[in-house]
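Chain by chain, the residues:
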Amino acid sequence: MPYKKAEQKFSGKINVCEIGVGDAAISIGGENSLPFLGTEGFKTAVGIAISDTTDEWADCFKALYGDDLKNPAALAKAAVEKSGADFLLVKLESADPNGADASVESCVATAVAVEAAIDVPLVVEGCKNAEKDAKVLEEVAKALEGKNVVLFSAVEDNYKTIGAAGGMAYGQKVSAESAVDINLAKQLNILLTQLGVKSKDIIMDVGTAAAGYGFEYVASTMDRIRLAGLGQNDESLQMPIMTNVSNEAWGVKEAVSTIEDAPEWGDQEARGIGMEVATASACVVGGSNAIIVRHPESAKTVKALVAGIIG
Amino acid sequence: MSKFMVIGERIHCISPAIRQAFADRNPEPILLRAKEQLDAGADYLDLNIGPAEKGGEELMQWGVKLLQENFDNVPIALDTANMKAIEAGIQVYNRSKGKPIVNSADAGDRIEYVDLAAANDAMVIALCSKEGVPGSNDERIAYCSELLERGMERGMEPTDLLFDPLFIVIKGMQDQLGDVLEAIQMITDMGLLTTGGLSNVSNGAPKHIRPLLDSATVAMAMQCGFSSAIVNPCDKRLMETIVACDIIKNNILYADSVLEF
Numbered sequence: 001m002p003y004k005k006a007e008q009k010f011s012g013k014i015n016v017c018e019i020g021v022g023d024a025a026i027s028i029g030g031e032n033s034l035p036f037l038g039t040e041g042f043k044t045a046v047g048i049a050i051s052d053t054t055d056e057w058a059d060c061f062k063a064l065y066g067d068d069l070k071n072p073a074a075l076a077k078a079a080v081e082k083s084g085a086d087f088l089l090v091k092l093e094s095a096d097p098n099g100a101d102a103s104v105e106s107c108v109a110t111a112v113a114v115e116a117a118i119d120v121p122l123v124v125e126g127c128k129n130a131e132k133d134a135k136v137l138e139e140v141a142k143a144l145e146g147k148n149v150v151l152f153s154a155v156e157d158n159y160k161t162i163g164a165a166g167g168m169a170y171g172q173k174v175s176a177e178s179a180v181d182i183n184l185a186k187q188l189n190i191l192l193t194q195l196g197v198k199s200k201d202i203i204m205d206v207g208t209a210a211a212g213y214g215f216e217y218v219a220s221t222m223d224r225i226r227l228a229g230l231g232q233n234d235e236s237l238q239m240p241i242m243t244n245v246s247n248e249a250w251g252v253k254e255a256v257s258t259i260e261d262a263p264e265w266g267d268q269e270a271r272g273i274g275m276e277v278a279t280a281s282a283c284v285v286g287g288s289n290a291i292i293v294r295h296p297e298s299a300k301t302v303k304a305l306v307a308g309i310i311g
Numbered sequence: 001m002s003k004f005m006v007i008g009e010r011i012h013c014i015s016p017a018i019r020q021a022f023a024d025r026n027p028e029p030i031l032l033r034a035k036e037q038l039d040a041g042a043d044y045l046d047l048n049i050g051p052a053e054k055g056g057e058e059l060m061q062w063g064v065k066l067l068q069e070n071f072d073n074v075p076i077a078l079d080t081a082n083m084k085a086i087e088a089g090i091q092v093y094n095r096s097k098g099k100p101i102v103n104s105a106d107a108g109d110r111i112e113y114v115d116l117a118a119a120n121d122a123m124v125i126a127l128c129s130k131e132g133v134p135g136s137n138d139e140r141i142a143y144c145s146e147l148l149e150r151g152m153e154r155g156m157e158p159t160d161l162l163f164d165p166l167f168i169v170i171k172g173m174q175d176q177l178g179d180v181l182e183a184i185q186m187i188t189d190m191g192l193l194t195t196g197g198l199s200n201v202s203n204g205a206p207k208h209i210r211p212l213l214d215s216a217t218v219a220m221a222m223q224c225g226f227s228s229a230i231v232n233p234c235d236k237r238l239m240e241t242i243v244a245c246d247i248i249k250n251n252i253l254y255a256d257s258v259l260e261f
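As they're listed, the protein sequences go chains A and B.
Mapping the first sequence onto UniProt numbering, position 6 (from 1) lands on 6, and the numbers just tick up by one.
Mapping the second sequence onto UniProt numbering, position 2 (from 1) lands on 2, and the numbers just tick up by one.
Hints listed in this document are in silico derivations from the structure and should not be mistaken for laboratory results.
Every value quoted in this text rests on a predicted model; they were computed, and no experiment measured them.
Just so you know, not all the hints are guaranteed correct.
Unchecked claim - In silico SDA-like links for lysine to any residue, alpha-carbon gap of 25 Å or less:
| # | chain 1 | residue 1 | chain 2 | residue 2 |
| --- | --- | --- | --- | --- |
| 1 | A | Lys253 | A | Asp96 |
| 2 | B | Lys3 | A | Gln232 |
| 3 | A | Lys13 | B | Asp256 |
| 4 | A | Lys9 | B | Arg154 |
| 5 | A | Lys4 | B | Gly191 |
| 6 | B | Lys236 | A | Asn233 |
| 7 | B | Lys130 | B | Glu53 |
| 8 | A | Lys198 | B | Glu69 |
| 9 | A | Lys9 | B | Gly191 |
| 10 | B | Lys97 | A | Ser11 |
| 11 | A | Lys200 | B | Glu112 |
| 12 | A | Lys13 | B | Ile247 |
Said to hold, decoys possible - Example chain B residues on the side facing chain A (calculated, C-beta under 8 Å, incomplete):
| # | residue |
| --- | --- |
| 13 | Ser2 |
| 14 | Lys3 |
| 15 | Phe4 |
| 16 | Asn251 |
| 17 | Ile252 |
| 18 | Leu253 |
| 19 | Ala255 |
| 20 | Asp256 |
| 21 | Ser257 |
| 22 | Glu260 |
Said to hold, decoys possible - Derived list of chain A stretches under chain B, where covered just means 3 residues or more per stretch with a C-beta under 8 Å from a C-beta of chain B:
| # | segment |
| --- | --- |
| 23 | 100-109 |
| 24 | 177-188 |
Idealized CB from N, CA, C, for every residue including glycine.
Looking at chain B on its own, in the form it has when it is part of the complex (with noise of 0.2 Å):
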């Protein structure tokens, strides 16, 4: 098994230092996130413009040219609503660390993006879900085959598909995080591979919860099979976490210093 992949989640328009960085083109907010998160051991980082129905094929192509110049060609996750965004990020993307990462698609109204990915030789985040979060491990196996499918059919490799079966936020949701635990080990034993936004199982809880329970989650997870997720890179509880886990399962080789490599 290859090492757990690790998708930076901070550079999101949600955020408004960042929002106004992208509204003004200020490159510093951005690097220093981008920089904090590297350091911390991401391994791609999701660059999230939002909708960006205006002059969103511009901001993407200046965000994407901005990381990877002052970052070594870092790989990224392209992350908006706005697949011409996607696609213009695309062309102006260099490969040499990894293949681009669409994000997302689903098996409803985003089912292009997995055409989208497959059209640009990216790998692509299919959500197993159609609209909202799926009832059941029935449902969300029904949309990860429809997703593969339609993948395959346009001659994309099963392995560039990652498969998120949609964590719930435990406050609320708690009987079913257990379906998203078995959902993982499903896809996984099919061969696939799997990501997903981890933070939303802590949604809503104090903050210094949080990183209990998403390390937790992501211990577990990565015993089923969990191959990557979209997490903040800072949280250094669950790096720790990653890392250990990582040598359990004897993905990465042990050493004493292994957390300060």
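Isolated chain A (complex conformation) (with noise of 0.2 Å):
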């Protein structure tokens, strides 16, 4: 009997969403189907993950940036340089006001100084506490208009914030935080469209666990968000979607344990590397567009995954 290919047509279409201008910009998803299946040149974009506040990061990071882990801007220079990486995110850690509780002038002047000492596009990650993170990213946006950067990430707590600045006043992308929650995930993409926030311009951040972590809940989830997007065609989740794995993948103790802690498991940056590329490389097979690591080392890997399985 002769092969016949069995193909799975789906009706639905992953939005294409760019971002960045100019030459450095970007285009992540406009796939329609899942992930590496199709014949429309579906790739992942990698991206490499810098902070503000670099003091908890393993000491390799020290070995690798030296004093440039104490300046956003340089650091930003040196981590796209040395990771090849299509696109930088810089979390913003030191707004948090459990922790340094950063001004948002600070924020602003970090973010814009990253923006300028690079020349690939820019996702700026808040610090997680919702009302700080609507002060902040409504500044950056403001004072990013026209860069076309990403604001990681709107919650339900601050979506009106961040979507109506973001979104709407500057013309930036938003995304939005939905934590391993399926049905958040839609709502929220809901509440961004209501709002008056196009769908083109929404990034779905739906989370990530460490491999080993409660890896499979993420992987459902990315499954069934892909296959409503795609199957049922519904458009309310047909967002391309960005993960940042790396604060995740580097707050394990695979990853955090120094080789003093535990000999036995061998050197910490090869674990850590590990740890990333393991997570990293299972959101890009459940349907990441864009995908955020910390070391370089991970981003070449992973961009080398990508490459490879296009072939």
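Two chains, each in its own frame: build the complex with the hints.
Given below as structure tokens:
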């Protein structure tokens, strides 16, 4: 019997979302099949993460970046150069009211300096305090008007401010964070759309867990979201997915324990990269259109993986 | 399972306003009804131009173009006894949002509507009847098989035939409604899709009772696998019931604002 390729056709299509401007701009999304199964050239973008607060980062990053670790703009430049990443994420962790509680002005200055230091698109992550993030990301959106950055991310408690500022007033992209909750992912997209943010300006931050730490729940969430968007043509779930695995992957004991803590586990840097690559690659095959990691080696490995799958 | 498909029935020449609009080629009343139905959640619009023995071809083309140009190539069910008019309508039909539906074939005089759909790569509503309402489910399934065979012989995908078990009216034939539900289950079990003119069920009942009967019927039918219906999408109770059933059947993903999207 001759071989007949069984191909599942979907009626839906993931939106194309462009981030950044000019020659540096990249597009994510646009597929009408599950990841890597179509012919439309699905390609995951790979981003490198930095932070304005790196005190807790593993020692390997001190060896890698030296004094640049204390200077976000210099760190951004070095991170892009060392990783060859398609875009950069800066986390404004200093904004956290329970931490350094840096002023909005200081955070905005950091974001502006970082943007000026790199020639790839920028994603700006808040400190995960909804109230403070609303203020910080609103002002970041204003200061970087015309740069088409991603505000990462709006949540239920601040989507109105971030959506109105980013998606409407200053023409940025808005990411909607749903913490591995499929119903909330849909709900936030509906709320942002009702607010007046265009679908093509919304990105989903569906969250992640480090590999081995409940990741199967992340996998089923991504699957369900993609099948609803593609198979059921659910327009409220056709936004591209952006996943930052760096905080989770570098936060579990396999990555945190030093060689002194756990000599039998071997080199800490290799373990951290291993956790990050394992988590990131699982997200890539699960449907993330843009994946963000911390270590330049992780970025290079994931880029090579994507290139290898596409062939 | 995919989401329940709603075919809006309100552009129908039985309505005096629409009949007049067809005669005058007056877009306004037609566009108004189209918009109402799409806003209410219709997936397809039925375009019923009546028997249209004279000038049917030109009228159908006018109607198809009018609706598709104004509503982003909305998919349409072409509904008339004039086969040439359906064919003419398909000639100008834009398929980007879905295939045209031929409304309708049966296993009797109208079996050639299946051929028409097959020849034009269209879907077709296939009434499981020959003359009038079938007397039993043996009859329904025999007609269903006959129509399926006819379509497949002519190269149709089985899922391009939407089988209509013929809903019966509660007032007078209440005892047979169970058969209709059973027929939907049997057709679904064969891997086929179903549709039907749901409002037949409540025909003749008072206005405030009809939404109740229609929505309860659609819920029970959906549990049997019912996959689409020709309805009045402006019936809010009915449409909300369909959304709720789609959620319960896991056809669409739940969100708190699901009714607002």
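Each hint tested on the structure:
Restraint check for A:Lys253 and A:Asp96: the C-alpha separation of about 24 Å stays at or below 25 Å, so the hint holds. At roughly 6 Å between alpha-carbon atoms, B:Lys3 and A:Gln232 fall within 25 Å of each other, so this suggested pair holds. Straight-line distance between C-alpha atoms of A:Lys13 and B:Asp256 comes to about 23 Å, which keeps the hinted pair within the 25 Å bound. Annotation: proposed proximity of A:Lys9 to B:Arg154 holds, straight-line Cα distance about 22 Å (limit 25 Å).
At roughly 21 Å between alpha-carbon atoms, A:Lys4 and B:Gly191 fall within 25 Å of each other, so this suggested pair holds. Straight-line distance between C-alpha atoms of B:Lys236 and A:Asn233 comes to about 22 Å, which keeps the hinted pair within the 25 Å bound. About 22 Å separates the Cα atoms of B:Lys130 and B:Glu53, which keeps this hinted pair within 25 Å; it holds. Distance hint between A:Lys198 and B:Glu69 is fulfilled; the C-alpha atoms sit about 23 Å from each other, no more than 25 Å.
Restraint check for A:Lys9 and B:Gly191: the C-alpha separation of about 18 Å stays at or below 25 Å, so the hint holds. The suggested pairing of B:Lys97 with A:Ser11 holds, with an alpha-carbon distance near 9 Å, which does not exceed 25 Å. Between A:Lys200 and B:Glu112 the alpha-carbon distance is near 45 Å, which puts this suggested pair outside the 25 Å criterion. Under the criterion of a C-alpha separation no larger than 25 Å, the hint pairing A:Lys13 with B:Ile247 is consistent with the structure, at around 21 Å.
Contact between B:Ser2 and chain A, as hinted, is supported at the beta carbon level, the nearest pair being about 6 Å apart and thus within 8 Å. With a least beta-carbon distance of about 5 Å to chain A, the hint placing B:Lys3 at the interface is held under the 8 Å criterion. The closest approach between the C-beta of B:Phe4 and any C-beta of chain A is roughly 11 Å, which is over the 8 Å cut-off, so the hint fails. Of the supplied interface hints, the one on B:Asn251 holds, with its beta-carbon coming within about 7 Å of a beta-carbon of chain A, less than 8 Å.
The closest approach between the C-beta of B:Ile252 and any C-beta of chain A is roughly 6 Å, which is under the 8 Å cut-off, so the hint is satisfied. Given hint, B:Leu253 at the interface with chain A, holds; its Cβ is 5 Å from that chain's nearest Cβ, closer than 8 Å. Here the hint on B:Ala255 is kept, as its CB sits about 4 Å from the closest CB of chain A, short of 8 Å. Hint status for B:Asp256 relative to chain A: holds, with the closest Cβ pair at about 5 Å, below 8 Å.
For the restraint placing B:Ser257 at the interface with chain A, the shortest Cβ-Cβ distance is roughly 4 Å, inside the 8 Å limit, so the hint holds. Taken as an interface hint, B:Glu260 checks out: its beta carbon lies about 7 Å from the nearest beta carbon of chain A, inside 8 Å. With a threshold of 8 Å between beta carbons, the proposed coverage of the segment 100-109 of chain A by chain B is violated, since 0 of its residues qualify and at least three are required. Coverage of the segment 177-188 of chain A by chain B holds [criterion: at least 3 residues with CB-CB distance below 8 Å; count 5].
Of the numbered hints listed earlier, those contradicted by the structure are 11, 15, 23.
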